[in-house]
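Undergrad: These are the residues of each chain, in order.
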Amino acid sequence: MSDRRTRIGDPLPRIEDGRLLSGGGRYTDDLVLDGMCFGYMLRTPHAHARIRSIDTEEAREAPGVLAILTGADLASLGAGQLPSPGGYLRPGGEPMYVPQTPVIATDKVRWVGDGVAFIVAETALQAQDAAELVSVEYEMLEPVVSPQAASATGAPLVWDDCPDNLCFTVEEGDAAAVDEAFAGAAHIVRRTFPISRVTAASMEPRGAIGVYEPDGQRYTFYSGIQRVHLFRRYLAEYILQAREAQVRVVSLDVGGSFGVKGALYHEQACVLLAARLVGRPVKWIASRSEAFLADAHGRDSFYETALALDETGRFLAMKVEGIAAVGAWLQPMMPAFAGNFGALAGVYRTPSIHLRISGFFTNTNPIGPYRGNGRPEASFIVERLIDLAAAQLGIDPAELRRRNYIQPDEMPFRTGLTFTYDSGAFEKSMDMALSLADYARFEERRSAARARGRRRGIGIGNVIERAAPSGYESAELRLDGEGALTVFIGSVSQGQGHETTFKQIASDRLGLSIDRIRFVQGDTDRVFDGEGTGGSRSAALGGSALLVAVDALVAKARPIGARLLQLDPALVRFRDGRVETEDGSRGISLEEIARVAAIADDAETASLLVTRARYRSQAPTFPNSCHVCEVEIDDDTGQLSIVRYVAVDDVGTVINPLLAEGQMHGGIAQGVGQVMMERIHFDESGQLQTGSFMDYAMPRASDMCSMETEGNAQPTATNPLGAKGAGEGGCVGAVAAVSNAVANALSDLGIDHIDMPITPESLWKRIREQG
Amino acid sequence: MDVKGEYRIAAPREKVFSALNDAVVLHACIPGCESLEQLSDTEMKAKVRLRIGPVSAAFSGNVILSDIDPPNGYKITGEGQGGVAGFAKGGAVVTLTEEGGETILKYEVAAQVGGKIAQVGARLITATANRLAAQFFGKFADIVGIPSSAETD
Numbered sequence: 001m002s003d004r005r006t007r008i009g010d011p012l013p014r015i016e017d018g019r020l021l022s023g024g025g026r027y028t029d030d031l032v033l034d035g036m037c038f039g040y041m042l043r044t045p046h047a048h049a050r051i052r053s054i055d056t057e058e059a060r061e062a063p064g065v066l067a068i069l070t071g072a073d074l075a076s077l078g079a080g081q082l083p084s085p086g087g088y089l090r091p092g093g094e095p096m097y098v099p100q101t102p103v104i105a106t107d108k109v110r111w112v113g114d115g116v117a118f119i120v121a122e123t124a125l126q127a128q129d130a131a132e133l134v135s136v137e138y139e140m141l142e143p144v145v146s147p148q149a150a151s152a153t154g155a156p157l158v159w160d161d162c163p164d165n166l167c168f169t170v171e172e173g174d175a176a177a178v179d180e181a182f183a184g185a186a187h188i189v190r191r192t193f194p195i196s197r198v199t200a201a202s203m204e205p206r207g208a209i210g211v212y213e214p215d216g217q218r219y220t221f222y223s224g225i226q227r228v229h230l231f232r233r234y235l236a237e238y239i240l241q242a243r244e245a246q247v248r249v250v251s252l253d254v255g256g257s258f259g260v261k262g263a264l265y266h267e268q269a270c271v272l273l274a275a276r277l278v279g280r281p282v283k284w285i286a287s288r289s290e291a292f293l294a295d296a297h298g299r300d301s302f303y304e305t306a307l308a309l310d311e312t313g314r315f316l317a318m319k320v321e322g323i324a325a326v327g328a329w330l331q332p333m334m335p336a337f338a339g340n341f342g343a344l345a346g347v348y349r350t351p352s353i354h355l356r357i358s359g360f361f362t363n364t365n366p367i368g369p370y371r372g373n374g375r376p377e378a379s380f381i382v383e384r385l386i387d388l389a390a391a392q393l394g395i396d397p398a399e400l401r402r403r404n405y406i407q408p409d410e411m412p413f414r415t416g417l418t419f420t421y422d423s424g425a426f427e428k429s430m431d432m433a434l435s436l437a438d439y440a441r442f443e444e445r446r447s448a449a450r451a452r453g454r455r456r457g458i459g460i461g462n463v464i465e466r467a468a469p470s471g472y473e474s475a476e477l478r479l480d481g482e483g484a485l486t487v488f489i490g491s492v493s494q495g496q497g498h499e500t501t502f503k504q505i506a507s508d509r510l511g512l513s514i515d516r517i518r519f520v521q522g523d524t525d526r527v528f529d530g531e532g533t534g535g536s537r538s539a540a541l542g543g544s545a546l547l548v549a550v551d552a553l554v555a556k557a558r559p560i561g562a563r564l565l566q567l568d569p570a571l572v573r574f575r576d577g578r579v580e581t582e583d584g585s586r587g588i589s590l591e592e593i594a595r596v597a598a599i600a601d602d603a604e605t606a607s608l609l610v611t612r613a614r615y616r617s618q619a620p621t622f623p624n625s626c627h628v629c630e631v632e633i634d635d636d637t638g639q640l641s642i643v644r645y646v647a648v649d650d651v652g653t654v655i656n657p658l659l660a661e662g663q664m665h666g667g668i669a670q671g672v673g674q675v676m677m678e679r680i681h682f683d684e685s686g687q688l689q690t691g692s693f694m695d696y697a698m699p700r701a702s703d704m705c706s707m708e709t710e711g712n713a714q715p716t717a718t719n720p721l722g723a724k725g726a727g728e729g730g731c732v733g734a735v736a737a738v739s740n741a742v743a744n745a746l747s748d749l750g751i752d753h754i755d756m757p758i759t760p761e762s763l764w765k766r767i768r769e770q771g
Numbered sequence: 001m002d003v004k005g006e007y008r009i010a011a012p013r014e015k016v017f018s019a020l021n022d023a024v025v026l027h028a029c030i031p032g033c034e035s036l037e038q039l040s041d042t043e044m045k046a047k048v049r050l051r052i053g054p055v056s057a058a059f060s061g062n063v064i065l066s067d068i069d070p071p072n073g074y075k076i077t078g079e080g081q082g083g084v085a086g087f088a089k090g091g092a093v094v095t096l097t098e099e100g101g102e103t104i105l106k107y108e109v110a111a112q113v114g115g116k117i118a119q120v121g122a123r124l125i126t127a128t129a130n131r132l133a134a135q136f137f138g139k140f141a142d143i144v145g146i147p148s149s150a151e152t153d
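Protein sequences appear in the order of chains V and X. First residue of the first sequence? That's 1 in the numbering used here, and the numbers climb one at a time after it. First residue of the second sequence? That's 1 in the numbering used here, and the numbers climb one at a time after it.
Everything labelled a hint here was simulated from the structure, so no lab data went into it. The structure presented is a predicted model; accordingly, all values stated were derived computationally and were not measured. All C-beta atoms, glycine included, are put in the ideal place defined by N, C-alpha and C. Heads up, a few of these hints could be off.
[Said to hold, decoys possible] Sample of chain X residues at the chain V side, in silico, Cβ under 8 angstroms: (1) P31; (2) G32; (3) K75; (4) Q119; (5) A127.
[Stated by the list, open to error] No more than 20 angstroms apart at the CA atoms, straight line, and that leaves these computed lysine to aspartate or glutamate pairs for EDC-like: (6) X:K89 / V:D438; (7) X:K75 / V:D683; (8) X:K89 / V:D129; (9) X:K47 / V:E142; (10) V:K428 / V:E444; (11) X:K4 / X:E108; (12) X:K89 / V:E58; (13) X:K47 / V:D683; (14) X:K139 / X:E14.
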């Protein structure tokens, strides 16, 4: 085997790509088990209705049917509720309203995707056919579809004992200081911004397989998810009333999650309960329609915002009052997005900021984390307000930002809201981005475009986000008798390339060929512990846990190596995979030391074979970036084209620039989707109108231009790796940058803002109205 | 979503009104009607097979006649469950006016769909309701009289 040692920072092509691109991926639906049968969730067609009766008699007699689970059946099986931890407050300091969400609806259905019966049959089609025969009598109730409607006095109640549909209110910042600053401000910009509801549309839809072995009363749960150990606890504690040791959770390859697969859903609970009932493995895989209908959605909120400035354009204060949809049930991560709103401070010195967001239940899909989760909203608000202020004050948007940047010598910088930044060179990132985008000569390009009948605009979007704010990650290193290493990590890849990332770190630090490193993730029986993936935390926390484990392994290898070399341990060092003398003249490789350890009788030497470590977040990291987008708009058709896109990012230590860039590209496209086309729409009766790709637009390659990215890495000192996180910044920045570019393109017409999604139709209409 | 239309029917108003209450005539006119069973003077049980966009489903439900005002008109409403395809419900207010021995039939339809039909066929609902209404009243005008002109909007 060739010796391929890789370094942190090498542009190593993804190790998993050969397998994934040639059909070697193994996703939940690829797994076929002996005796496996199939589940189908019958969903209500009503957004809000009382269940009068459910008649499953005819369906139970249908060909192939093995079992039908209704809410009442589940109760008799002793099934619990879906987990909803809560932890936030309602106004007045009372705890937030946490609904008891049944696995299958019993008395009431609360959104069109709500399940009323889980049908298990020999084949998936038989289960679906039998579902046709289940007859459910409903008494229709009036639904509330938007957070605005849900917050109105006398609105219909989603949960009968939550009297105002209000789930939580998050309030941060100094309201009095903000009011005072506004009172004395030379300029004030105000605007309301809706943030459209979107769906992740992961390439692999959700799915799960439940297995139950009566001997040992043990469950195995296969599902593409983000956090296997947390799911083990959720399933044991909330659903099965079992001990965690009775549950094994396995996440195979995952075809994208973006937050949506982070929560435990109804169908996942059903496969395990059904497997126990029928004594066979039960598989459930969502169709694309079901993905639209029953996945958690993202965003769906509405903000009244204002920015106060002094006469020179310095930001004095900002206030944001928002209402957000929670959906019909409370996802476990809700309302973590509000915590990410600390990013309202942006990369600026704004001394006082006040924020209040209230979340309301609605008769719709639940809202869950979706790439960025509060960060794109916050970044959009602050960056959009800055451009509106720049237009009002007649200052160039880049110059206005320049007057307000936090400078590197001010670090650590305590912002006017909740975050304290540790590092970052924000103005430098903008300078790099402006130079890359040839900002200085933009007006020439605008004129040239005008001559071609196009309106050209340019927009800046600065991003700062909190990543890896709390919690820990675990890593384990195992050496075998041939000196090969296996890395176990508690985080779970959803396609980001964790295998490459973690192998690369281990190869660099242990001096081992990357071909001699195996990688294991996503299995609670194999990975001893972990918190999982989410919030751009895997590199910062998983990577740091791996470094701590490496250090511990080296600390064990050094005395063993010294003993084998017959040297004083104080006189040896570990370098490039060897324990050696200071001058490198004598040494022994880690492989050889492992060989000895593998047959050693003393516990101390044998302990080299297994090394475990845990790294707990010491402080959040703050990845940041500057995006510059250039667009062209065709007056005749309203067609919006992104013609240039530049991003300069600071993700801290870059482990692999190819992967970091890939995260940026994919994220930008996802943000472009939100701002230009994606929108989940319900009609007033709560019926989902965008239930397929015919009605829900996704960004395609042809909607993008080639993106130019550069790094301005400022490694953080808050973790041993220096990594800040790269998963979400692209998605965060694109929403603001594209919106600003569109407003800039239309400034001649006196149009200063277009709500998202900025479709050709909305552009065409506004241009007509104004022209 | 609202659909309106108007037909001139070459028949006196009383004849038109009585046909509007005749289960046999209604059975013949309701598009895709597989069965129509009279439960009372004002209530019928129907089975209808419909295709809306990509969804084809058999709906079973009730047809109810209300606001009966002979021979000026009535309201006909239907609500059908289409299994996993979802549900459809709707109604038409029908008014009859006499003009030169013939009858002007005007209708105003309001319809609502839910479930799968709404998710994949929502954009087609107005067009579908227009088509179904035109089919129903067109056929009705054919059966009851000799239509001298027909228009819908």
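Undergrad: All hints are to be evaluated individually against the structure, with a verdict given for each.
TA: Hints versus structure:
{"no.": "1", "hint": "P31", "verdict": "violated (21 angstroms)"}
{"no.": "2", "hint": "G32", "verdict": "violated (18 angstroms)"}
{"no.": "3", "hint": "K75", "verdict": "violated (19 angstroms)"}
{"no.": "4", "hint": "Q119", "verdict": "holds (2 angstroms)"}
{"no.": "5", "hint": "A127", "verdict": "violated (14 angstroms)"}
{"no.": "6", "hint": "X:K89 / V:D438", "verdict": "violated (59 angstroms)"}
{"no.": "7", "hint": "X:K75 / V:D683", "verdict": "violated (25 angstroms)"}
{"no.": "8", "hint": "X:K89 / V:D129", "verdict": "violated (23 angstroms)"}
{"no.": "9", "hint": "X:K47 / V:E142", "verdict": "violated (27 angstroms)"}
{"no.": "10", "hint": "V:K428 / V:E444", "verdict": "violated (24 angstroms)"}
{"no.": "11", "hint": "X:K4 / X:E108", "verdict": "holds (4 angstroms)"}
{"no.": "12", "hint": "X:K89 / V:E58", "verdict": "violated (25 angstroms)"}
{"no.": "13", "hint": "X:K47 / V:D683", "verdict": "violated (27 angstroms)"}
{"no.": "14", "hint": "X:K139 / X:E14", "verdict": "holds (18 angstroms)"}
Going through the hint list in order, the structure does not satisfy hints 1, 2, 3, 5, 6, 7, 8, 9, 10, 12, 13.
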